[in-house]
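First to last, the sequence lines map onto chains A and B. Here the first sequence is numbered in the working numbering, starting from 125 and rising by one per residue. Here the second sequence is numbered in the working numbering, starting from 125 and rising by one per residue.
Treat the hints as calculated values from the structure; they're not laboratory data. Watch out, some of these pointers could steer you wrong.
Copies of one chain are not kept apart here, so a pair can be met inside one copy or by any two copies together.
[Claimed, not checked] Calculated pairs, DSBU-like style, for lysine-lysine (alpha carbon to alpha carbon, straight line, at most 30 Å):
no.	residue 1	residue 2
1	K268	K321
2	K142	K186
3	K188	K142
4	K265	K188
5	K268	K186
6	K321	K265
Number of protein chains: 2
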Amino acid sequence: MSKENTTEQGMTRFERRKASTRARIVEAAERLMRDRGVEAVTIQDITDAADVGHGTFYLHFKTKGDVLRPLIEHLSNQVHARVDRAAHGETDPALRMSLGIRVVVRAIAEDPLWSWYARSGASFSELVAQMGTPPAEDMRKGLKSSRFDIANLPATVSFIDGAFVGMITSLNEGADVDETADMTAELVLRVFGVPAKEAAQIARQPIEIH
Amino acid sequence: MSKENTTEQGMTRFERRKASTRARIVEAAERLMRDRGVEAVTIQDITDAADVGHGTFYLHFKTKGDVLRPLIEHLSNQVHARVDRAAHGETDPALRMSLGIRVVVRAIAEDPLWSWYARSGASFSELVAQMGTPPAEDMRKGLKSSRFDIANLPATVSFIDGAFVGMITSLNEGADVDETADMTAELVLRVFGVPAKEAAQIARQPIEIH
Numbered sequence: 125m126s127k128e129n130t131t132e133q134g135m136t137r138f139e140r141r142k143a144s145t146r147a148r149i150v151e152a153a154e155r156l157m158r159d160r161g162v163e164a165v166t167i168q169d170i171t172d173a174a175d176v177g178h179g180t181f182y183l184h185f186k187t188k189g190d191v192l193r194p195l196i197e198h199l200s201n202q203v204h205a206r207v208d209r210a211a212h213g214e215t216d217p218a219l220r221m222s223l224g225i226r227v228v229v230r231a232i233a234e235d236p237l238w239s240w241y242a243r244s245g246a247s248f249s250e251l252v253a254q255m256g257t258p259p260a261e262d263m264r265k266g267l268k269s270s271r272f273d274i275a276n277l278p279a280t281v282s283f284i285d286g287a288f289v290g291m292i293t294s295l296n297e298g299a300d301v302d303e304t305a306d307m308t309a310e311l312v313l314r315v316f317g318v319p320a321k322e323a324a325q326i327a328r329q330p331i332e333i334h
Numbered sequence: 125m126s127k128e129n130t131t132e133q134g135m136t137r138f139e140r141r142k143a144s145t146r147a148r149i150v151e152a153a154e155r156l157m158r159d160r161g162v163e164a165v166t167i168q169d170i171t172d173a174a175d176v177g178h179g180t181f182y183l184h185f186k187t188k189g190d191v192l193r194p195l196i197e198h199l200s201n202q203v204h205a206r207v208d209r210a211a212h213g214e215t216d217p218a219l220r221m222s223l224g225i226r227v228v229v230r231a232i233a234e235d236p237l238w239s240w241y242a243r244s245g246a247s248f249s250e251l252v253a254q255m256g257t258p259p260a261e262d263m264r265k266g267l268k269s270s271r272f273d274i275a276n277l278p279a280t281v282s283f284i285d286g287a288f289v290g291m292i293t294s295l296n297e298g299a300d301v302d303e304t305a306d307m308t309a310e311l312v313l314r315v316f317g318v319p320a321k322e323a324a325q326i327a328r329q330p331i332e333i334h
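Go ahead and model the full structure; you've got the sequences and the hints to work with.
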């Protein structure tokens, strides 16, 4: 391979072109889906708008839902930044985690692409992998400081991951957003061993984005 | 329609034949899947064994996973009976619920068809609808007797439904069956407001099938 074909990041010209085509498909998909709603957009619409062939689409993605993945990752990073600002200056891991959960649940509820993705018939494991366990660091701190009482961490994480998706699904079925966000935080704190009364009080603290 | 074509249950001959074809497909599918493993069986194998055409299969089911539904319902009924026997004579709703959850989690783990169904990429809502909330009656009793402390019942049910599927998924990823069953019970009790120490003790009571 000639030196001219390779960038400093080690991408060949072929790889660069492939990445740029992929980005064009994702941008077209986002624009169309935010415009018309996810349901109304076909793969044909996306390939027309991105000016690529049908076959090219399938080189990069298997389904319409797959195109949403990089968008969801991007949203997810933005929301993690918002969580950091909401928890800024707070030291209690229980309060930090509660704020994080409430911000994330609201963010998913408010973004039509994210909500669609969550209710799109994606498998449970996919949903969990996509959403992750946002407040992982506060969880570690809470464990160290014995703020939390967790006998089996992997089992507890599986339990919470599932519960989180359960709550997102209830949003799609019409549950109130703020109440769902607060209840998610409250019940996660209970799972982590925070006494019921205290969990309720922590999960109702005002949220301030600093 | 002539009277001769209708049974006392109000089924026409056409409907009876359709139901019997469906049953034959389900039986063939179960036999093959228990024999060879779910993955190894194709729709073609099933239609061959049931002696029906490919088109006939699709009159009744959309996918291979769909054929498992009636089998899972049947297993589910059997397990509910086992739960009743395990909880026989116990009056504490927390202990009854804990026993019920542990029996159900073990049953799902032990049946290869049920486990496959749970990890088959079925959507989250489908999984929840299939599994239901087994200990619904004990939940009602626990609420009435203030054994449980639940501020928002629908939200709590969504949370538990999701958590339950999360735990089943962890089984498919290699988590220990008995430990997963016990942890599911323990964490559900925490969610219902049972203090952490007491929840741990209740979830470790021996299971006796009466």
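request  = Give the relationship of K265 and K188 under a CA distance limit of 30 Å: within one copy only, between copies only, both, or neither.
outcome  = Classified as neither; 39 Å inside a copy, 45 Å across copies.
key: Same-copy or cross-copy closeness of K321 to K265 [CA-CA at most 30 Å]   = For K321 and K265, the Cα distance is within 30 Å both inside one copy (22 Å) and across copies (21 Å).
query = Between copies, within a copy, both or neither: which fits K268 and K321 at Cα up to 30 Å?
reply = Cα proximity of K268 and K321: in one copy and across copies (22 Å, 19 Å).
inquiry  = For K268 and K186, with the copy left unspecified, which applies at a CA distance of at most 30 Å: within, between, both, or neither?
reply    = This pair counts as neither: shortest intra-copy Cα distance 43 Å, inter-copy 50 Å.
query = Given a CA cutoff of 30 Å, do K188 and K142 count as a within-copy pair, a between-copy pair, both, or neither?
reply = Within one copy only: 19 Å inside, 36 Å across.
inquiry  = I want to check one pair: K142 and K186. Are their C-alpha atoms no more than 30 Å apart within a copy, between two copies, both, or neither?
reply    = Within one copy, since 16 Å is at most 30 Å while 36 Å is not.
When the structure is compared with the earlier hints, violations turn up for hints 4, 5 and for no others.
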